[in-house]
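Asks: Each chain, written out:
Protein chains: 2
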Amino acid sequence: MRTLMIHSDYLRYKTRSKTKIAEDIDDEKRAAGVDNALVAFIAVEEDDEQNPDVIVQKAVNEILNVQNKVNADNIVIYPYAHLSSSLSNPKVATQILKDIETKLIENNQAVLRVPFGWYKSFELSCKGHPLSELSRTITVDPVAETEEETIKVDDGEEEEEP
Amino acid sequence: MRTLMIHSDYLRYKTRSKTKIAEDIDDEKRAAGVDNALVAFIAVEEDDEQNPDVIVQKAVNEILNVQNKVNADNIVIYPYAHLSSSLSNPKVATQILKDIETKLIENNQAVLRVPFGWYKSFELSCKGHPLSELSRTITVDPVAETEEETIKVDDGEEEEEP
Ligand SMILES: [Mg+2]
Numbered sequence: 001m002r003t004l005m006i007h008s009d010y011l012r013y014k015t016r017s018k019t020k021i022a023e024d025i026d027d028e029k030r031a032a033g034v035d036n037a038l039v040a041f042i043a044v045e046e047d048d049e050q051n052p053d054v055i056v057q058k059a060v061n062e063i064l065n066v067q068n069k070v071n072a073d074n075i076v077i078y079p080y081a082h083l084s085s086s087l088s089n090p091k092v093a094t095q096i097l098k099d100i101e102t103k104l105i106e107n108n109q110a111v112l113r114v115p116f117g118w119y120k121s122f123e124l125s126c127k128g129h130p131l132s133e134l135s136r137t138i139t140v141d142p143v144a145e146t147e148e149e150t151i152k153v154d155d156g157e158e159e160e161e162p
Numbered sequence: 001m002r003t004l005m006i007h008s009d010y011l012r013y014k015t016r017s018k019t020k021i022a023e024d025i026d027d028e029k030r031a032a033g034v035d036n037a038l039v040a041f042i043a044v045e046e047d048d049e050q051n052p053d054v055i056v057q058k059a060v061n062e063i064l065n066v067q068n069k070v071n072a073d074n075i076v077i078y079p080y081a082h083l084s085s086s087l088s089n090p091k092v093a094t095q096i097l098k099d100i101e102t103k104l105i106e107n108n109q110a111v112l113r114v115p116f117g118w119y120k121s122f123e124l125s126c127k128g129h130p131l132s133e134l135s136r137t138i139t140v141d142p143v144a145e146t147e148e149e150t151i152k153v154d155d156g157e158e159e160e161e162p
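Protein chains in written order, with this note's numbering: chain A, 1 to 162; chain B, 1 to 162.
Worth flagging that the hints you see were computed from the coordinates, not collected in a lab. Some hints could be false.
The list cannot tell twin chains apart, which means a pair is met if one copy fits it or any two copies do.
Distance condition first, Cα-Cα at most 27 Å in a straight line; then the derived DSS-like pairs of lysine-lysine [as the list claims (entries may be wrong)]: (1) 69 to 91; (2) 18 to 98; (3) 18 to 127; (4) 14 to 127.
Here chain A stands alone, though its shape is the one from the complex:
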């Protein structure tokens, strides 16, 4: 799994057209938005199919960790195939994203999960502080967690190249 997390003043989207792999959605899901959001753009990868439960739990942990640091009021789960060139089966991807949503809600988070497999317009406003853009690769491997291209700064906090 590849994820790009952006702490945004707002995120709004509208579904525009379906692809062949689009999930069925209620009318209320056709357009939505939230303010002060940690937007997690996520590409579920082929290797994630080996152990979806582990991937879900690691993704939830990463998202909660960042959400806690940046104090976002909302979490957005945004399917984003463009982050990887090795995508999982669409059904597996949809289920993993739904399971991440469920677990975040169980953790008392306000979650907006954006529909899978639709072309969408969207607007966002990245806040621009050093933790407002973070990328992660999450794998089933117990030791291979990577915080990518981090820069050690003076106070010992890890920040990433913009």
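Chain A is already provided as a structure; the job is to place chain B with the ligand on it using the hints.
Replies: This is chain B with the ligand only, laid out in the frame that chain A set:
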């Protein structure tokens, strides 16, 4: 090189703070924006150092190809480390991005190159049509050009998963 191209109603950014690898910029570069833009988020990768000239030319060709299809008035070159976990040396990256800008201007394009190595806030509005989000991996390899995760649609045009 990894690039994510987003056809956006607008792109606005403001520099917020410098990293150790920040390029020096004039005051006019501290904040800027354009409308109807093809925004090319770009991560220059370690392998690109083998032949920067080839990478530059291939990137320019890809950008012009997409710009021609979507009819964007402006092109934005936006350094985006989060698209790769194998980044080039920052000096090489900065030079490659500058060279892409130069070649696009030589092709009579209106180009906004966003400063390298700064934390920035930004706003954009992705249009949401099927070609409004495209990702590419560009390599020095003459045969390995990839248009990723494309879906063949009825009219034979290639579109990508959203
Ligand atoms: Mg309903």
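Asks: If a hint holds in the structure, say so; if it doesn't, say that too.
Replies: Quick rundown of the hints versus the structure:
no.: 1; hint: 69 to 91; verdict: neither (32 Å within a copy, 31 Å between copies)
no.: 2; hint: 18 to 98; verdict: within (19 Å within a copy, 37 Å between copies)
no.: 3; hint: 18 to 127; verdict: between (30 Å within a copy, 15 Å between copies)
no.: 4; hint: 14 to 127; verdict: both (22 Å within a copy, 10 Å between copies)
Against the hints set out earlier in the document, a violation occurs for number 1 only.
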